[in-house]
Structures are given as structure tokens and as C-alpha cells.
Amino acid sequence: MKLLKLVPDDTNIKFLKFRAPFYIISLLLMAASWGLVMTKGLNYGVDFAGGQEIRATFVGEETAPIPDLRQTLTAIQGVGDPVVQRFGAPNEVSIRVKLPPEAEGDKEFADRLTRDITDALKEGHPDVRIDGVDSVSGKVSGEFREKAIYALLAAMLAIAIYIWIRFEWQFGVGALFALVHDVSLTLGMFALFQMEFSLQIIAAILAIIGYSLNDTIVVYDRIRENLKKFRKMPLPELLDLSVNETLARTVMTSLTLFVALLPLLLFGPASLFGLVAAITLGLFVGTYSSVYMAAPILIWLGVNSDSFVPQETAAEKQEKVARGET
Amino acid sequence: MLEFPRWKKLWLWGITLAVALAALPSLVSSTSIRWPEALPSPTVNLGLDLAGGSHILLEAEASQVEAQRLENMEEAMRNVMRQAEPRIRIGDVSTANGRLSFMLENSSDIDRARELLTPLMNGEGLTREWDLTVVDTSRMVLTPTSDGLDNAVTQAMDSATEVVRKRIDELGTREPTIIRQGDTRIVVQVPGLQDPDQLKELLGQTAKLEFKLVDQSALPADVEQGIAPPGSQIFPYAAGTPFEGTSLAVRRLGGIKGDNLINAQQTVDPQNNEPVVSITFDQQGGQRFAQLTTQNVNKPFAIILDGEVLSAPNINEPILGGSAQISGSFTADSANQLAISLRSGALPVDLAIVEERTVGPDLGADSIRKGMLAMGLGAIAVIALMIVTYGRFGIYSTVALTINVLMLLGIMAVMNTTLTLPGIAGFVLTIGAAVDANVLINERIREERKRGRRVIAAVENGYKEASRAIYDANITNFIAGVLLFAFGSGPVRGFAVVLIIGLFTSVFTAVIMTRMWVAGWLRSSRPTELNV
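Line by line, the protein sequences give chains W and V.
Okay, so the first sequence: first residue is 1 according to UniProt numbering, each after it adds one.
Okay, so the second sequence: first residue is 1 according to UniProt numbering, each after it adds one.
Some clues are possibly wrong.
Listed next, the in silico PhoX-like pairs over lysine-lysine satisfying Cα-Cα at most 25 Å (straight line) [claimed, not checked]:
{"id": "1", "chain 1": "W", "residue 1": "LYS5", "chain 2": "V", "residue 2": "LYS450"}
{"id": "2", "chain 1": "W", "residue 1": "LYS228", "chain 2": "V", "residue 2": "LYS166"}
{"id": "3", "chain 1": "V", "residue 1": "LYS450", "chain 2": "W", "residue 2": "LYS2"}
{"id": "4", "chain 1": "W", "residue 1": "LYS228", "chain 2": "V", "residue 2": "LYS450"}
{"id": "5", "chain 1": "V", "residue 1": "LYS257", "chain 2": "V", "residue 2": "LYS166"}
{"id": "6", "chain 1": "V", "residue 1": "LYS450", "chain 2": "W", "residue 2": "LYS14"}
{"id": "7", "chain 1": "W", "residue 1": "LYS229", "chain 2": "V", "residue 2": "LYS464"}
{"id": "8", "chain 1": "W", "residue 1": "LYS232", "chain 2": "V", "residue 2": "LYS8"}
{"id": "9", "chain 1": "W", "residue 1": "LYS229", "chain 2": "V", "residue 2": "LYS257"}
{"id": "10", "chain 1": "V", "residue 1": "LYS464", "chain 2": "W", "residue 2": "LYS5"}
{"id": "11", "chain 1": "W", "residue 1": "LYS147", "chain 2": "W", "residue 2": "LYS14"}
Residues of chain V placed beyond 10 Å of chain W at every Cβ, according to the derived structure [said to hold, decoys possible]:
{"id": "12", "residue": "GLN64"}
{"id": "13", "residue": "SER159"}
{"id": "14", "residue": "LEU171"}
{"id": "15", "residue": "PRO220"}
{"id": "16", "residue": "ILE256"}
{"id": "17", "residue": "LYS257"}
{"id": "18", "residue": "GLY285"}
{"id": "19", "residue": "THR294"}
{"id": "20", "residue": "ARG343"}
{"id": "21", "residue": "GLU355"}
{"id": "22", "residue": "THR358"}
{"id": "23", "residue": "ARG454"}
{"id": "24", "residue": "ASN531"}
A few chain W residues facing chain V, derived, Cβ under 7 Å [unchecked claim]:
{"id": "25", "residue": "PHE144"}
{"id": "26", "residue": "ALA248"}
{"id": "27", "residue": "MET252"}
{"id": "28", "residue": "PRO269"}
Simulated from the structure, these hints should not be mistaken for lab results.
Every residue, glycine too, gets a C-beta built ideally from N, C-alpha and C.
Chain W extracted, bound-state conformation (with noise of 0.2 Å):
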């Protein structure tokens, strides 16, 4: 049987070429996702918000009147400025509602308002089902965020300890690098799309990081390994070939990874839809920061051999005068 290769032997690509202007755009489109969140704001949901949210669908019809229902919700005492999505199928919507102020800790507020919200649905389509009903009050929404964002930092930074001790500070930060930029464009994302920001989004840019991270060790670890092998060979050219070598094991992972999410992406529930996009996203980013972000920035940290001398063990040294390499 002859096998399938999707990248041929040998190749040469001059991917550290482009370096500079693919830092400086990596760069841009980081500060843009930062200015995207500060000023679009991330559209949180009820997990990080605090209020209501009501999934329904309605059983009988091609689509979810979505402006009507606007418009039927807005008038409901209490309801304030709700936002209304749809929600997978074309019949099937998400609403949510924040809470006032004033009414935060009033414990039948909350009832209330979902008891006069699913009423007003049902009034005007009575074959309405509805699918969930999420209430999340204010105090736990805090501790949801400050959580999330703790367990973002602490492992991110456990993450650059553990390389830092197994290869070289200079990859411990080029790691954490990669890593700060795959979740920034991510979070980019998610502000200009105004796609619903949840915890479950939180265990999505997790996998991003851990899938990136994937990569990104993969290349370190040939990187280390030519280090030892060629001590004279340029940096940049060193890196280059790494990244060949290492090529047609990026191609085809990512492609497996790629081929079991399209389904999922497809065909998957609608609960998944925003988790599976967001780790889609992360697959061609965290490739893409594995090679262009993490590599590159060894070169200005000042990498070199000399790094991984000691390492360099007796039968590596014979094998490679056997090779005739020194």
C-alpha cells in the first residue's frame, strides 16, 4: 500500500525569513484584541454576568420571532435592555437578562422575572418548550470571574516554570509568550463577534493552551536537540531547519485534531457550538504562535549552544563522530 504524505521529505522553508513582520503583526492584532475588549467589552453570560438566561425553542415554527420577542420582553417590568440570540437551530433562541441592581440579593426577584419571562412566551406560542433555565446571582458571578482568572494565571505561569526547568528560562518565557498571545486573540475574537463569554469558554482557551502548548514544546524540544547537534549553524537557520524537521508532524496533527472537530463544529450540539469554535480558532493559532512566536523570540533572548553543552552525553558525542559531524 502506498501511504499518504502530506508534506514532502525534506522540505526547506524559510519560515523565520518573515520573522519581523510576522511579530510586528502578531503584535498589532494583540493590541487590537486588547483594545477590542477594553472598548467592545466581552459579551459575558450569565456565568460571569450574574442575572437570567432562558433557552427556548419553538416547536411549531420554522424560526424564533426574535424582534417580536424583543419587543414583548422589554415591556415586562424588570427586564431592561434583555439580549436575545439565536441559539443553534433557527427555532431556537437564548434570553438573557440581567438583574437591576437594586434587586440583587432579593431572592424572589429572580423568580419572578423568569416565571413572567416564560409566561410571556408561552402566551403568544404555546408550543414553546423551554430547554433550560440558568439564574446566577451576582456574588457567585464574581467568584466565577475571579476564579477563572486565577486558575488562567496560575497555569499559565506553573506552565513557564516547568519549561524554564527542563530546557532554559529563554523558552520558559518564549512559551509563556506564545501562550499570552493564543488567548489574547482568542479573547479578540470573542469581543468583535460578540460571541457569549462563559466558563465554558474558560476550559476552551485551556485546551487552546494546552494544544498550543503541544506544539509548542514539540519544537523546543528539536530546537534543543539541533542545538546540541549543530554548534555552529546559525540560530535563525537553526530554527528553520527545526521547524522543517518537525513540519510534517505539525501538518498532520493538526489535521487529525482539525478533522475530529469539524463534526463537532458541524453536527454537535448547540450547548458546544461557542467551546468547539473557540478551540478551532486555537488549533490555527497555537500553530501558528508555536512556529512564529515561540521560535523567533529565542533569537533576541540570545539562545545559544552553549546552553546544552553539559547535557551532551558521552554516546552522543561518539555517535556523532561517527557521523563525522565535528
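Given chain W, work out where chain V should sit, using these hints.
Here is chain V on its own, set in the frame of chain W:
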């Protein structure tokens, strides 16, 4: 490196088999096949977001426990002073700032008072629950210690959890999960609950029932302005009662609490056909109730539920039988609800619902069906891709991947963890990591062959060189997973659990098991060429 002694092979296969068997009940349960009941059947719990149901987070206000405790202390203190022989006279009692202070009218009583208070100040064991100080020779101040407060809150939460459990059991719901979380929270999870409103109303009711004498000396004008005569306090009438909107002054001390109930039933008042709740006291409660009604015939007493007056009937004659009726403009439903709440006992502290998530059973089932379909399609695509790219090695990888999924399910079932929607994302990532490990190994073997190594050396080196990156990547992800579990909440934790277990199973299957198969093949057929 490619040596596998028989004991090692047996051991590896044994683990695989055991864990995969543990996954079987979970897989079978989603089909129509019945799992034999005689066999143990660990199954993966589905989170409420997948199975449908209600998740409710209740929170208690710790300050309420403190206030309640102070009130109890005041009553106990007054009792011992009154019952002392000769009686110790006190005055100027205050419970401001969370402390109980009072004056002794005769400062020579101080040693006797101290002796009487000592037994009240110590909790169980050696903890001291209150500190006593004497100011200006005759003012005694009781301050709760922080140990004492913590104990009180813990006890209140323990009994609140018990009360919540009883009430949910009364509803007849299946397999509820009721867990204390943190210092002042209780998580209630009820799978497949159609209508959470009833549950919420039941949990929101403290059901603290009190019978107190009405203070007839209070001037109505003062009461409306919220001014209570000394020794009295003011309660509003409950919504739905005929006097809604007005208030009533009652004697603060000397009433009866509803703690001594042994039964409560919803019945109908034969005189006006209105739903009422019939209650039965235990012996002690019955005696106190008889005493109160005997001493106060022809005076009104108020029936107060959770700080609101239900009714204030006149005591026409002493009630001696130990049972009574509570009327208060009930509907049949609300009377039944109150009866349930009273039967299961009062909550020692109010519980507020701070988080509620309800997923309709249709949506949950739909999510599972769509999720399974998508994962199945994804798996087929991944398997196809692996086999066309790596041939024989691709087949090893996909068998390893299948065992990996079974092991992951099996371990989750045995550890009794819950699979949630974000957990599915963890699953996808685990599969990604497992595939990645095999891709790394296979690519490395290709490379080593290209460099001219012979078959066995290429495979050996492939595993060895790739393992370094695989272990580094998995350890970093493991660190991240542990931190997520430690700092995360809810869905993030569900994700972290799957991630952590998945890291172990994917390294085990993708690195160790495939190596065993490859080694076996190399030994038996001694190929001179590798198609990889």
C-alpha cells in the same frame, strides 16, 4: 527498548482489560441491552447539562446564625438567673455588636453569676464558645469566640443539609445529590426534574414556626410606625392573609417554637372548608402548648411563620390534646407545602438560591445524541487519516486510541466522576494528545529510516527520541490540569478531571501499548523494510 518480557505483557494487557471492562456498563447503559444486575456496574455519571435536571446552589447567611445564637444565649442566661436561689436580679440587657451584656443589680452576686454562666459558655469537648468579661465591677459581657461561631455555623449547615435532604425526599424525586460546599453553601442536584419551581419554593422556605402571645397593650398607631413596646417585637402579616399590609406586636419571650412537632398534615377545616395544616406536638411541646393556652384563655396568640404572621386567633379554651391547627388563607398546594416543610423541620438558617441551572430533559438527550454522532464521525475521520498515512503503524495507533477511549470511560466510571459538556471538550483534547503522540513517534521513525538506520534501530530510536517531547508536553498539561482543578469551578473542573485522567491513559496506550505491539511484530516477521 523493544524487549517485552512475558510478565510485562500480561501486566499491560491485564490493566487494559480491567479498565476497559469497567467502561462496558457505561456503554451498555446507552443501548437497550440490560446489564446483568449481579455484576458490579460502575457507570459514568452524566452531568445535568447532558442528562437534564436541576442544579441549585443554596447559600446561608452566617450572620443569621450569630444572631440566633445570641438570642438563645440571652434566653438561657435569663433562665439561670431567674432560677438561681436566691434569684439574681439583672437589668439593662443588650445584644448590640454581637455581644450579650447585662448589669447585676447587686454587684456582690458576681461570683455566683459567673459560676452559673460557666456551663453555658463551653461547647462540646474543650472548645470555649464564649468569653466572659466583667466591666465596672457589675456589668458582665459575653462575647462569642471565633471557634464558637465556626462551630455554630458548621452545626447549622449540617442540620440545614439534613433538612434539605428530607424535604427533597418528600417530593419523591429520584437520586438527588445534596452536598455541602465550602463553609456556607449546599449544592442540590436533581436529575430529570421537570418542574424546578416546586423544589425552589420548598427550599426557600425556612419553616420556622412560632406561637407568640399578642401584645394587647401596644398602640395600633405605634405598631404601624414600627415602634414596639418594651419586651415586644413587630411582625408583618403574611401576603395573602386578610390583614396583609398591616403588622402586629407580639411578646418577644415566652412563646413556643415549632421544634417539638412530630407530625404535620394538610387537612380541611370542617367549619369553613378551608385548607389548613394540622400539627401534632411531641409530649414536651404538647405540655408547653397546654400551659400557654391554659394561662392565656381569651387572649389572642399569633402564629408566625418565617417572621410573618399567618393568623392571630383567640384562645377560646385550653388546648390540651397536643395537636393544633394552623390557618392562614392557604390553598391546598400551599398548605401541603407548609406541611412538608414542617414535617422535615425548620432550617436553622435561611437559605438563598444563588445559582440555579435547569436543563430540560429533551435538550439533554438531544445534546448527547448530537455529541455522540459528531464524536463518532470525528473518530472515523481520524482513524481513516491515521491508516492512510501510517499504514500498519496507523492501525496500531487507532487500536490504541480505541483502548484509550475505553480506559478513560472506565476510569471515570470507577472513580465516579461526572461527564459534562466541557468534559467532552477534554475528551476531544485527550484524543488529540493521544494522536499527537503517535504522530510524533511515527514521524520520527520515518526520519530515522531516512537517515539510513536499520528497521529495528529506527523504531527504537523513534520511540526514544519522540518520548522526550511527549513526556514534556504531557507533564506540562498535567500541571495545568491540576491547577485548573484547584482554582477552577464547575465546568472548568469537569474539564480538568477528564484532561488529567486522559493524559495518563493516552501516554499509556499511545506510547507503551503500541510499542509492545510493534515489538511483537518486529520479532515475529523480522521485516527488512518499513512501510511508514
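So, going through the hints one by one against the coordinates:
Restraint check for LYS5(W) and LYS450(V): satisfied, since their Cα atoms lie roughly 14 Å apart, inside the 25 Å limit. Between the alpha carbons of LYS228(W) and LYS166(V) the distance comes to roughly 68 Å, so the proposed pair goes past 25 Å and is violated. In summary, the hint linking LYS450(V) to LYS2(W) is supported, as the alpha carbons are separated by about 17 Å, within the 25 Å threshold. Taking the CA atoms of LYS228(W) and LYS450(V), the gap is about 20 Å. The hint holds against a cut of 25 Å.
For the hint linking LYS257(V) to LYS166(V), the alpha-carbon distance of about 20 Å falls within 25 Å, and the restraint holds. Straight-line distance between C-alpha atoms of LYS450(V) and LYS14(W) comes to about 22 Å, which keeps the hinted pair within the 25 Å bound. Of the pairs offered as hints, the one joining LYS229(W) and LYS464(V) holds, with about 17 Å between alpha carbons and a cut-off of 25 Å not exceeded. About 44 Å separates the Cα atoms of LYS232(W) and LYS8(V), which puts this hinted pair outside 25 Å; it is violated.
A C-alpha spacing of about 84 Å is found between LYS229(W) and LYS257(V), which places the hinted pair above 25 Å, so the restraint is violated. Distance restraint check for LYS464(V) and LYS5(W): the Cα-Cα separation of roughly 23 Å lies within the 25 Å cut-off, and the hinted pair is therefore satisfied. The suggested pairing of LYS147(W) with LYS14(W) is violated, with an alpha-carbon distance near 42 Å, which exceeds 25 Å. Every CB of chain W lies more than 10 Å from the CB of GLN64(V), the least distance being 13 Å, so the non-interface label holds.
No Cβ of chain W approaches the Cβ of SER159(V) within 10 Å, the least distance being about 21 Å, so the stated non-interface status holds. The beta carbon of LEU171(V) is kept farther than 10 Å from every beta carbon of chain W, the shortest such distance being approximately 18 Å. Against chain W, the non-interface label of PRO220(V) holds: every CB pair exceeds 10 Å, the least being about 29 Å. Against the 10 Å criterion, ILE256(V) stays outside the reach of chain W, whose nearest CB is about 27 Å from its own CB.
Here LYS257(V) stays apart from chain W, with its beta-carbon at least about 23 Å from theirs, past the 10 Å limit. GLY285(V), annotated as away from the interface, keeps every beta carbon of chain W farther than 10 Å; the closest lies near 30 Å. A cut-off of 10 Å between C-beta atoms confirms that THR294(V) is not in contact with chain W; the least separation is 39 Å. Here ARG343(V) stays apart from chain W, with its beta-carbon at least about 23 Å from theirs, past the 10 Å limit.
Residue-level check failed: GLU355(V) sits 5 Å from the nearest beta carbon of chain W, not beyond 10 Å. Not every Cβ of chain W is farther than 10 Å from the Cβ of THR358(V); the closest lies at roughly 5 Å, contradicting the non-interface assignment. The beta carbon of ARG454(V) is kept farther than 10 Å from every beta carbon of chain W, the shortest such distance being approximately 15 Å. At the 10 Å boundary, the C-beta of ASN531(V) falls inside the reach of chain W, the nearest C-beta of that chain being 6 Å off.
With a cut of 7 Å, the hint placing PHE144(W) at the interface with chain V holds, because the nearest CB-to-CB distance is about 6 Å. For ALA248(W), the suggested interface contact is upheld, since its CB lies about 5 Å from the closest CB of chain V, less than 7 Å. The interface hint given for MET252(W) is met, as the beta carbon of that residue sits about 5 Å from the closest beta carbon of chain V, less than 7 Å. Taking 7 Å as the C-beta cut-off, the interface hint given for PRO269(W) holds, the closest approach to chain V being about 4 Å.
This entry does not satisfy hints 2, 8, 9, 11, 21, 22 and 24, going by the numbered hints stated previously.
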